[in-house]
Amino acid sequence: MLELTNLHARVVPEDGPAREIIKGLSLAVPAGEVHAIMGPNGSGKSTLSYVLTGKHGYEVTGGTAIFDGADLLGLAPELRAAKGLFLSFQYPMEIAGVPVMTFVRAAMNSQRKTRGEAEVSAPEFLKLSKIAAAKLRIDPEMLKRPLNVGFSGGEKKRLEIYQMLMLEPRFMILDETDSGLDIDALKVVAEGVNALRGPGRGMLVITHYQRLLDYIKPDRVHILSAGRIVKSGGPDLALELEKSGYDQFLKGG
Amino acid sequence: MQLADLPSRRSEPWKWSDLRAAMAGQETTLIGTGPIGGDGPIAAFAELMGDAYGPCALVVEAPGETFESRMTEGDAGQYGSVVVRAGATAVMIERIDVSGSSLRPMLPSFSRIEVEPGATLHRMVLQVNDVAAGVADAAIVLNEVVVVLGAGSTFRQFVLGEGAKLARIEVSVDAGESAQIELNGVYLAGSKRHIDFTSRLVHGAAGVKTQQLVRGVARKGGRGVFQGKFLVERAGQKADADMQHNALLLEEGAEIFAKPELEIYADDVACAHGNTSGQLDEEAIFYLRQRGIPHAEAQAMITRAFLIEALPEWMDETLRGEIETRIDRWLGTPA
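Chains as they are written, first to last, in this note's numbering: chain A, 2 to 254; chain B, 286 to 620.
It is possible that some hints are incorrect.
Some chain A residues flagged as far from chain B (calculated, every beta-carbon gap over 12 Å) [to be verified]:
1) Glu15
2) Gly55
3) Val61
4) Ala77
5) Glu79
6) Ala82
7) Glu95
8) Lys136
9) Leu144
10) Ala186
11) Lys188
12) Gln211
Pairs of lysine to any residue residues, derived as SDA-like cross-links and limited to a Cα-Cα distance of at most 20 Å, are as follows [to be verified]:
13) B:Lys544 - B:Arg295
14) A:Lys145 - B:Val433
15) A:Lys145 - B:Gly419
16) A:Lys56 - B:Gly419
17) A:Lys157 - A:Glu120
18) A:Lys145 - B:Leu596
19) B:Lys523 - B:Asp459
20) A:Lys145 - B:Glu598
21) A:Lys157 - B:Ala569
22) B:Lys477 - B:Lys494
23) A:Lys56 - A:Pro31
24) A:Lys56 - B:Asp566
25) B:Lys477 - B:Gly419
26) B:Lys505 - B:Leu596
27) A:Lys145 - B:Arg295
28) B:Lys477 - B:Val433
29) A:Lys114 - B:His580
30) A:Lys157 - B:Asp566
31) A:Lys145 - B:Lys544
32) A:Lys56 - B:Glu594
33) B:Lys494 - B:His580
34) A:Lys145 - B:Asp552
35) B:Lys514 - B:Asp566
36) A:Lys84 - B:Arg295
37) B:Lys523 - B:Glu568
Read the hints as simulated data drawn from the structure, not as lab findings.
Idealized CB from N, CA, C, for every residue including glycine.
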């Protein structure tokens with residue numbers, strides 16, 4: 002479903018020299034699978050999520066990213082989203098003056114328009130929203146407030162998953178979704194995420210700690226270091242990491 | 286009146302809105318005699334123009350009155366006085382539309398408003414311009430108002446400015462004891478448009494509460510000007526005043542000039558001010574695009590939300606809808 006081959010990418014800050022962060026990364030996530038990417042700080046985890054979603058200031062210098070058999074890297078961020086790519090942000094933005102529901106409905110309709118589908122009707126939207134909010138135990142009043150403004154870290158993460166349930170993406174990238182969540186919130190969020198697992202969908206779970214993977218069980222675990230995958234394995238690899246740390250995998254990496 | 290009598294950029298209060306330069310070549314429309322002082326132009330203007338147009342007086346005695354004035358190109362100008370009697374409430378809407386032909390480029394209006402003790406006035410100025418974006422227009426708008434507020438009175442104002450060749454919406458408020466004041470506004474400086482919001486508020490008695498929130502945007506070739514002054518005199522103890530001006534430069538080549546001023550002579554006051562001019566937050570735009578909202582729509586959505594925060598709650602729903610529609614149109618988003 003998502004195939005990255007020998008990907009090289011650099012960060013181009015507005016002021017300052019470009020730095021290569023992704024250095025020959027190869028990875029394949031077949032449809033129906035959840036893959037975890039673990040790695041120490043600075044290994045390129047967040048950069049990978051931005052490169053895949055097309056953020057400005059991130060430049061691909063080599064390699065390919067194929068999504069559903071087509072090139073991903075030449076597309077504008079909104080077209081990638083319409084194809085079903087969703088990023089749950091590590092630090093979700095606060096958007097003053099735009100209520101959550103207004104925003105999500107605009108996003109949903111934009112995606113549908115791009116795909117040549119009919120707009121969602123107001124009653125249908127409200128129904129979907131009610132179901133998603135209940136699943137994530139979100140107070141419906143919160144959805145009338147400006148997006149993320151004044152929300153706690155945990156609320157913001159919950160809102161990311163609410164948007165995910167609403168938009169029903171085909172491929173999800175979860176960037177440090179567990180940060181800012183206590184254990185109860187983590188369980189609720191994981192339930193929401195697991196509800197979207199299915200044969201037609203893929204997922205990349207980026208995390209520093211193994212904790213999240215107790216609740217979102219990955220099919221494969223990859224260790225990212227210095228911009229490359231240095232080791233891949235089954236779910237046990239995460240447990241091994243938790244026990245003995247990253248160092249054993251980083252030598253010569 | 287000669288061209289040389291008009292204030293130019295050499296006069297401090299007009300340094301970003303050069304009326305003389307804007308009027309060059311249009312001397313035929315100038316009327317009145319004598320020079321206009323650079324420091325206190327409102328009163329001088331009113332005096333000059335008043336004779337030419339003849340004053341009209343409006344006295345509001347009953348509560349809940351709404352009156353509306355319209356000005357379009359070709360109109361000679363307006364000069365009038367408005368009095369809201371003690372205890373009365375009134376809504377005043379001034380529409381200045383420069384979308385038409387440019388028969389008479391200068392649209393001046395000068396008013397003196399008095400809000401007597403305990404009275405309330407809501408004033409709205411809608412300066413609109415439907416001349417196609419990027420097409421220069423000849424209209425020059427001067428809307429100059431002196432407001433005198435009695436003790437315990439309330440004066441709330443909202444201005445929408447879409448600009449012209451030069452447009453200046455200026456208000457000078459003299460606040461009585463415990464008066465409550467709101468001076469909000471939204472300006473949209475499109476290509477080849479100049480819009481200037483200038484305000485001066487004198488807290489001359491104790492317990493005056495003032496809030497000002499002005500939001501503006503400018504595109505390439507457009508100029509937005511904000512000059513706001515709060516003067517708290519020695520007698521203005523317990524003044525509670527907040528001035529906020531925030532502007533977005535939407536494109537390279539857009540211009541915003543801002544001068545917020547606080548001048549305080551009382552020692553027991555709470556005065557705050559904030560002034561920002563910047564660009565749209567690219568991080569926020571990426572967030573919206575990642576959710577599938579196209580770039581231009583993402584920009585419009587964030588800009589719209591930014592502007593709409595300055596729309597006051599007291600505004601009538603219909604008018605609010607009208608203003609939102611104008612903002613959407615200006616931003617190029619389908620309603």
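Can the restraint linking Lys56 (chain A) and Pro31 (chain A) be considered satisfied, given a maximum Cα separation of 20 Å?
-> Answer violated: Lys56 (chain A) to Pro31 (chain A) is near 24 Å, above 20 Å.
Holds or violated: are the alpha carbons of Lys145 (chain A) and Val433 (chain B) at most 20 Å from each other?
-> violated (40 Å)
Are Lys145 (chain A) and Lys544 (chain B) close enough, with their CA atoms no more than 20 Å apart?
-> Distance of about 36 Å is beyond 20 Å: violated.
Could you grab the alpha-carbon distance between Lys56 (chain A) and Glu594 (chain B) and see if it respects the 20 Å cut-off?
-> Since the Cα atoms of Lys56 (chain A) and Glu594 (chain B) sit roughly 28 Å apart, the hinted pair is violated (cutoff 20 Å).
Holds or violated: Lys157 (chain A) to Ala569 (chain B), with C-alpha atoms at most 20 Å apart = Distance ~14 Å between Lys157 (chain A) and Ala569 (chain B) Cα, so the pair holds.
Is Lys56 (chain A) close enough to Gly419 (chain B), meaning Cα to Cα at most 20 Å?
-> violated (31 Å)
Consistency of the no-contact label for Gly55 (chain A), given chain B and a CB cut of 12 Å = violated (8 Å)
Quick one, are Lys544 (chain B) and Arg295 (chain B) close enough, alpha carbons at most 20 Å?
-> holds (16 Å)
Can the restraint linking Lys56 (chain A) and Asp566 (chain B) be considered satisfied, given a maximum Cα separation of 20 Å?
-> It holds: about 13 Å lies between the C-alpha atoms, which stays within 20 Å.
Was Gln211 (chain A) rightly flagged as not at the interface, with every chain B Cβ beyond 12 Å?
-> Given that every Cβ of chain B is farther than 12 Å from that of Gln211 (chain A), nearest at about 27 Å, it holds.
Assess, step by step, whether the Cα of Lys114 (chain A) is no farther than 20 Å from the Cα of His580 (chain B), and give holds or violated.
-> Holds, at about 14 Å.
Are the Cα positions of Lys157 (chain A) and Glu120 (chain A) separated by 20 Å at most?
-> violated (26 Å)
Hints 1, 2, 4, 5, 6, 7, 14, 15, 16, 17, 22, 23, 26, 27, 28, 31, 32, 33, 34, 35, 36, 37 from the earlier list are contradicted by this structure; the remaining hints agree with it.
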